[in-house]
Amino acid sequence: MEINAFIIFIASIFTSNILLTNFLGMCSFLSVSKEVESSVGLGLAVVFVMTLTTALNYVVYHMVLVPLNIVYLQYIIFIIVIAAFVQLTEMMLERFSPVLYYSLGIFLPLITVNCAILGVSLFMIIRNYSFLQSIAFGAGGGLGWLLAILALAGIRQKVRYKFVPKGLQGAGLSMIITGIMAMAFIGFSGIVVIQ
Amino acid sequence: MITTILTTIAIVGGMAGFLALLLVVAEMFFANYGEVIIDINGKRKLKVKGGSSLLSTLNENKIYLASACGGRGSCGFCKCKVRSGGGPLLPTEKPFLSPDEIKDNVRLSCQVKVKEDIAIIIPEEIFNVRQFAGVVSKIEDHTYDIKELTIQLTQPTEINFKAGQYVQLQSPRYGKIKQKVSRAYSISSSPDHTDYIQLIIRRVPDGICTTWVHDFLKEGDEVSFTGPFGDFFIQDTRADMLFVAGGSGKAPIKAMLEYLDARNSTRRMGYFFGARSRKDLYLDDLFATWEKSMRNFAYYPVLSQPTEQCEWDGRCGYVMPYFDEFIQDVNNTEAYLCGSPGMIAAVVKYLVSKGIPKEKIYFDSFA
Ligand SMILES: Cc1cc2nc3c(=O)[nH]c(=O)nc-3n(C[C@H](O)[C@H](O)[C@H](O)COP(=O)(O)OP(=O)(O)OC[C@H]3O[C@@H](n4cnc5c(N)ncnc54)[C@H](O)[C@@H]3O)c2cc1C
Ligand code: FES
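Protein chains in written order, with my numbering: chain A, 113 to 307; chain B, 25 to 391.
Check the hints yourself; a few may be wrong.
If we take Cβ atoms under 10 Å as the criterion, some of the chain B residues that face chain A in the derived model are [to be verified]:
no.	residue
1	Ala40
2	Leu43
3	Ala44
4	Leu46
5	Leu47
6	Ala55
7	Thr116
8	Lys139
Please keep in mind that the hints were generated in silico from the structure rather than gathered at the bench.
Predicted model only: the values in this text are computed from it and were never measured.
C-beta atoms are modelled at their ideal positions from N, C-alpha and C, and glycine is treated no differently.
Model the full structure from these sequences, guided by the hints.
Pasting the structure below:
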């Protein structure tokens, strides 16, 4: 596939938003979107981890799994790579930048098990992206996720002051809002197509 | 077939092993802070292993700072001054610190990590703080929502504290509650009894610790607590003492009066006990006996919502208007308040407007 990396980047933010079109990474999306500030923290951590793990997994896939002919092990290997990477990042942040650790680092453990991160690595393989394309896809995917959680957090902050029927409070209403947001994002779908 | 299986296992194992090794090396490299020295008040030096929070490092060395949330940064009790080496102020601490405290380098010790030599200042009294174990020897029902526990100390068997101080009672995991918590409760018995303490505990609906005390705790059960904490105690002056406390706020006042009674104090004292209705009154007989034994002590129960139109022959409404019955000279009066933050704020405002100097108003806020 010869799509310009920049187009992939833009597309994965808007038209094929990993969260709003693939509905990946929902659990932390629902639980950490109560307020804007922490949602930005988590979102930035996702951008960081997604970009770098996509790059790492690209290297691991093409340098290790393909030559050894064991691509069917990609799931388990990707998961291990992501987990180790997150753990390492957490350790380094805590040591070298406590301030950054407390604004981003505390979200890192949540990300290890975020399926959007694994999803992006797997899509990159399925779609046969090049290294550059993969990085653009990882970074765009992360930013798209950040955009989605930021939007939801903004809306939820407003909703806090409104009357919400009991059965809809919390996750119920958030799912509905997410659904409507996903529909709104369909509006972007004519701009670029990558899938 | 077998070879495929074995190579696959070897590869996955090898990769996982490699990453694990990487992490172990990183851990040794990054998370090892070696031995560091904590300088306390410029007098004591502790050699400790770096890497954990200041609060837990001190705890391991048997220095117990107050903590009601177990170090999760949500109670703001664990403050101490860090003179050097605590790293930058973190976003998790800011909400609990006033601008003055920030300027003064006050930090939440549960958020400060000990990574390098560090110099701190803590009140000397803290060295007195211990972890205690005891057995509940008696549970009395004072009202429908207030119980008084008597805890006989087992380990250590003696406690030294000042009347008015509090302890942090630890509630275990019970029923559906999966977490241990510790909550502050003022000691209601006099410091003259060193082998037991009493606590007056009011039920907070759905409260973790109070539900345990009210519904699960039985006589004979073992409990543990740390203490004593707090700087709410009797000032050694000759001024008149105005006490104001409702509900379980009676606890520290009871300890103070019992202490003063044992010394046949002749200071002028008045205790205003605000309650909603008659069923919220308790220990009235005890306070009545103190009115007899201490000639200058008077007890003023006030009901804010008596069930029948002031069916009782006492005082009705809020406590504040009745202070005039007691206050003679505002410049020679100390006030001791205990209870909810709202009540304390209202009473402090009232007393200041009456002319009682702010620095002579002492209080313990139950939140
Ligand atoms: C210095 C100090 C001394 C204290 N002394 C006493 C004492 O002698 N006797 C006593 O009964 N209590 C005392 N308290 C209050 C006590 O520490 C607990 O806060 C209280 O018992 C509730 O604990 P919990 O675990 O049951 O409730 P939690 O599980 O902590 O709280 C349950 C819910 O109740 C709310 N809540 C918490 N505390 C209160 C409260 N006090 N009033 C109304 N709602 C509340 C919380 O916001 C929460 O929503 C003291 C507090 C302090 C800081
Ligand atoms: S222990 Fe509760 S804030 Fe530090």
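Here is what the structure says about each hint:
Proximity of B:Ala40 to chain A holds as hinted, the smallest CB-CB distance being about 5 Å (cut-off 10 Å). For B:Leu43, the suggested interface contact is upheld, since its CB lies about 4 Å from the closest CB of chain A, less than 10 Å. This hint holds: B:Ala44 has a C-beta 8 Å from the nearest C-beta of chain A, less than the 10 Å allowed. The beta carbon of B:Leu46 comes within 7 Å of a beta carbon in chain A, closer than 10 Å, and the hint placing it at the interface holds.
A distance limit of 10 Å between C-beta atoms decides the matter here; for B:Leu47 the minimum to chain A is near 6 Å, and the interface restraint holds. Hint status for B:Ala55: holds, given a least beta-carbon distance of 6 Å to chain A, under 10 Å. The interface hint given for B:Thr116 is met, as the beta carbon of that residue sits about 6 Å from the closest beta carbon of chain A, less than 10 Å. Checking B:Lys139 against chain A: minimum C-beta separation of about 8 Å stays under 10 Å; hint holds.
Of the numbered hints listed earlier, not one is contradicted by the structure.
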